[in-house]
Amino acid sequence: MAREITVAAAINEALRIALEMDPDVVLMGEDVAGGGTREAEGTDEAGGIMGTTRGLVTQFGNERVLDTPISEMGMLGTAVGAALTGLRPIVELMFIDFLGVCLDPLLNQASKLRYMFGGKARVPLTVRTVTGAGMQSAAQHSQSLYWITAGIPGLKTVIPSNAYDAKGLLLASIRSDDPVVFCEPKGVLFDSCDVPEGDYIVPLGKAAVSREGSDITLVGMGATVKMALAAAEALAADGTSAEVIDLRSLAPLDEQTVLTSLEKTGRLVVVDEATPRCGIASDIARLCVTKGFDFLDAPVGCVTAPHTPVPFSAILEQAYMPSPDKIVAAVRELS
Amino acid sequence: MAREITVAAAINEALRIALEMDPDVVLMGEDVAGGGTREAEGTDEAGGIMGTTRGLVTQFGNERVLDTPISEMGMLGTAVGAALTGLRPIVELMFIDFLGVCLDPLLNQASKLRYMFGGKARVPLTVRTVTGAGMQSAAQHSQSLYWITAGIPGLKTVIPSNAYDAKGLLLASIRSDDPVVFCEPKGVLFDSCDVPEGDYIVPLGKAAVSREGSDITLVGMGATVKMALAAAEALAADGTSAEVIDLRSLAPLDEQTVLTSLEKTGRLVVVDEATPRCGIASDIARLCVTKGFDFLDAPVGCVTAPHTPVPFSAILEQAYMPSPDKIVAAVRELS
Amino acid sequence: MDLTKEQLLVTYRKMRMIRSFEEKLSELVTAGKLGGFLHLYAGQEAVAAGVCGRLDERDYVSTTHRGHGHCIAKGVRAKGMMAELFGRSTGVCKGKGGSMHIADLEAGMLGANGIVGAGIPLATGAALTCKVKNTGGVAVAFFGDGASNQGQFHEALNMAANWKLPAVYVVENNGWGEFTPTEFVVPVKDIAVRADSYAMRSDIADGNDFFDVYEKAGLAVEAARAGEGPTLLECKTYRYYGHYVGDPLAYRSKAEAEKWKTERDPLDAFESRVVGDAMLEAEELRRIDGEVTAELDAAVEAAENDPLPDPASLYEDVYAQE
Amino acid sequence: MDLTKEQLLVTYRKMRMIRSFEEKLSELVTAGKLGGFLHLYAGQEAVAAGVCGRLDERDYVSTTHRGHGHCIAKGVRAKGMMAELFGRSTGVCKGKGGSMHIADLEAGMLGANGIVGAGIPLATGAALTCKVKNTGGVAVAFFGDGASNQGQFHEALNMAANWKLPAVYVVENNGWGEFTPTEFVVPVKDIAVRADSYAMRSDIADGNDFFDVYEKAGLAVEAARAGEGPTLLECKTYRYYGHYVGDPLAYRSKAEAEKWKTERDPLDAFESRVVGDAMLEAEELRRIDGEVTAELDAAVEAAENDPLPDPASLYEDVYAQE
Ligand SMILES: Cc1ncc(C[n+]2csc(CCOP(=O)(O)OP(=O)(O)O)c2C)c(N)n1
Ligand SMILES: Cc1ncc(C[n+]2csc(CCOP(=O)(O)OP(=O)(O)O)c2C)c(N)n1
Ligand SMILES: [Mg+2]
Ligand SMILES: [Mg+2]
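Note that the protein sequences, when read in sequence, are chains A, B, C and D. Going by the numbering used here, the residue at position 184 of the first sequence is 184; the numbering climbs one at a time, nothing skipped. Going by the numbering used here, the residue at position 23 of the second sequence is 23; the numbering climbs one at a time, nothing skipped. Going by the numbering used here, the residue at position 318 of the third sequence is 318; the numbering climbs one at a time, nothing skipped. Going by the numbering used here, the residue at position 224 of the fourth sequence is 224; the numbering climbs one at a time, nothing skipped.
If you are wondering where the hints come from, they were derived from the structure by calculation, not from laboratory data. Check the hints yourself; a few may be wrong.
In silico DSBU-like links for lysine-lysine, alpha-carbon gap of 35 Å or less [as the list claims (entries may be wrong)]:
no.	chain 1	residue 1	chain 2	residue 2
1	D	K24	C	K189
2	D	K79	D	K189
3	B	K226	D	K33
4	A	K326	B	K120
5	D	K33	A	K120
No experiment lies behind these values; they were computed from the predicted model shown.
Start from the sequences, fold in the hints, and give me the full structure.
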């Protein structure tokens, strides 16, 4: 049975299913329980800053749902060690901006242990983390740093654009024997859609065609998919038929789905919330100009954030973020 | 007067000049003094793992040349605080792989303070760090992670390919009022060329044309420049005239020099020691397919490391790294 | 106590300004007039006021996400702060920083910080500057109990101890890190004991008693200035509001908060001490209350009417040199 | 002492194997037969042997760049290790890891680690696994004095103490971190005091005395297995070689090293104790010396002749599932 639920609720549901089905799954993070098992008055659990872990400590106890100190490096490193020895940990990194204090366990441990050990290890670790701007949280709580994890060989990185994919991708991530960074974009966290109640997965490494079209390909991910869909709507009014691709997985990248669309349309605009340098937008541009060169009828368009930190003031933050209007303008520029 | 000296010696010379000329310059890092001021027998200073800081503590004392604990995050954060309040610190991060334990001071502090403070701060910090593979140092001491720092707005990143540029770029970095990551590629650290004795700078943000040519543009950086030059030599024997561009600055990127060359040659191969995803090679490809689309006569070629960690075994490490042969093969593929 | 009447008045004004500033923000957010992610300092005023009472223009402070109080105590003007929180171009950071990055280098205020623990090495670096340039200055890092579990805390304190830097590390133990009780994540009763890992001086103060903080901060600052190295000063206190404005506070008991507010309020304690000891008169304090209210009302009105940043300013201030 | 004769023989064999393994590597590098970045453990044998003497198949260890000794002590075979260092496909990591990443999960050996401090949380995670799965196992992290200045040390120990994990943190204080004397960067005399920051048990052992290490490790492991939580065990010791093979050792005095080698050698100390107390006879030890030499010679010869990895294997083992 499907019902409309938010991305945040879909995540909560996936976590519950994973914890129910596999005793090796443990969940750790700051406030994931939120003092929920404290034996004192008025200590209802918080379930994390976005409420995505609400109810889990009550059901599974605090041996499997662990409040950690504000020690991201220690927590992630511990999770890697646990994954290496037989658990299947899910870690909540409150905001991806905090990668700054815990990159090593991902960069030099989780991603490399299997390779360095000659294939004799697996690191079934899932790191859930909130990404993106739009809540006036300013420069250190609004970044879209998934390009860093996507760039590291040995990691996988996924980002859902809707509740259905959020649940299925999260379950696939948790069951993967590889370390996966699961992004939870602020821009869609409280958007709803139909989500089945039971267990299902959305496979890692597969993009989706969110809307079919023939004149131009718009490539988005996470929160930019709905911007691309809105832009496609506006373009349709103009007689331009846009195909929208939702990457879903940033690593591995589903090159074939992008190339197939490009072959059909001959033109492509990639839309990314992240800053422009060394990002997913550049990778998509490279894909087009290497493997898709013969399909290209025009330059590739890139709609990204500018090469600046995220500003606080709402008016600046709006100017900072991609939008349907900016996408439409980029498409028009290619014509 | 110019003499032939190595990149490592040129770095040492630049450090000495900077320390001599500006009392606000301080140098910190693990073993940069190396216990050099200990009052005990047999404690000659080590001058860092590559010897690049040799002699400096003797000349400037250990208030300005500071051995730090193995605490990269604390050391870099401290350097940011010092830069913010009037010093001009140079920090040695022994290998860029250690970014994993100290990204935050670069990602969320040095790069963003000026912006977050509305332009009312400057962070004149230089981070020197060894990059690249080729010494069988395996997966955690051989990475070319400059794509991470180049991708962060607010930072600058430079990488010399020879001793002349090393000295001039380092002096420019130290004098810059912005935070700069200065990469010291293993592959060239002990290569020599003519270097003037005195003070001079090589400006940040400017690429160099290392060899002129008309048929194809080879874009390299750091250790891949000499590979590209060797490839150009081999191609010349074949009648193909290759132009070689040495990026020198990875951020900001000198787009104009690349585009001017591409306009002339119509074809381009970028050569990067780093892994392929979200890297400088992708950025160059994006530059070509956005601002250089009309110049392009062929797909862009990318010679990079594969999407894997760096292996230990010499035979695998050789297979891992770019080489003149691989560049020649990539050029031939475009023809 | 070595405080003049003038100093006591200044102190009270600071504490009242902090309290009223935070209450005003809470109101404004609740009324939908203000956005962003705000962490209020109300309840901890005696710490900021007590420590900053020992500092002067040579000195620096760094703080955390919960940084308004330290700004005010270190002399940042409420007007520029309010404009900043309203995202105006007249803000102390031109609207680019907001609450979590509010800063004023001219006042020696190295910024709030959105990264827990990150302010600790920043202050350490400022202390290094003071030492190398021999300015006589001291740098103070304010941070929470939760931050004492960050690697940056450990690394920075160790460095400062090794180098005998003129620094003071003030950990404000308010019993909570977001929604998690401190005793869940800090296995020692007193965070001050962590100083022993660095052979560092330490002290514990009642963070709700201005006079106790002022005294112990005085010793720490004095030691730092005298070249005797850093101190870890733990101040036991409590935050009145939720972790952020909007926090439903489901995780802690109303009774716990009530007890602190009624029995341990730092402003009340200050008042009964200074009035009781006849150092100040209650009317003087009421006059300050009124002045503070007026100043804040004016700051809000100005901020509401100040210009928004030019969208083109988005691209400015990234680099000092292009 | 609760050691059987058999155990003493096993212990001596391990220590001798570690010593000879490292000496062999030094020779091979000097002769230009071996490449890579090698950090030798000679001089510290009693620590690895003493601690691992308390462990069994349920248990895990993690180590550092200086990890050969811990591998051998935890039961990794010299043959596979030597092949690994020669970069052969028969190596314990198929030639992909090398000295700084040598590992053998089957032996409970979670790897050497090129990142100072990174092994500490890995062992902490293994201890979490032991606890959650209730295996009765214990996880041990070996690391250096220098690593105790890393944030990861602080964060992991705090977590382990909070959760009462079955872990033992063994800090091998050998007086140096690369070329920098420990007293330059660690302001306390005993690193063991850092346990107090986490209300954690701690102990100090003579790291050159197998029996002292064995005894104190026994208490720590017992406490961990009994659910009493982790211990920080400091072992005072010394490294004989330079930081890495090739290090000219200009920074430390020959006399300092000589003193340790002649007066405090862990193998000598072990031998005089066991022979002096008539627990073993010198001939038995000489027989083991011979066996070890033969085993190592065979390992080197095999490694030199083993196949190099297929270049195509470069692309394998990145992901478990494509
Ligand atoms: C590195 C990092 N981790 C997590 C957070 C999210 N966070 C913000 S405040 C906070 C709690 C801080 O607790 P404490 O240090 O005690 O300060 P308090 O809020 O009590 O003043 C957390 C977990 C963050 N901002 N930075
Ligand atoms: C994060 C990190 N910083 C620096 C280094 C370089 N490095 C390798 S070993 C070492 C010294 C380690 O000292 P200690 O922990 O005392 O171990 P020891 O070498 O004495 O066994 C350093 C600085 C590293 N590998 N990782
Ligand atoms: Mg707190
Ligand atoms: Mg050591």
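Would you check the hint for K79(D) and K189(D), treating anything up to 35 Å between C-alpha atoms as holding? 39 Å, violated
Within 35 Å, alpha carbon to alpha carbon, are K33(D) and K120(A)? Given that 35 Å is the threshold and the Cα spacing comes to 27 Å, the pair holds.
Holds or violated: K326(A) to K120(B), with C-alpha atoms at most 35 Å apart: Measuring from Cα to Cα gives roughly 31 Å; hence the hint holds.
When you check the alpha-carbon spacing of K226(B) and K33(D), does it fall within 35 Å? 28 Å, holds
Between the alpha carbons of K24(D) and K189(C), is the straight-line distance 35 Å or under? 51 Å, violated
Checked against the numbered hints given earlier, this structure breaks hints 1 and 2; the rest are met.
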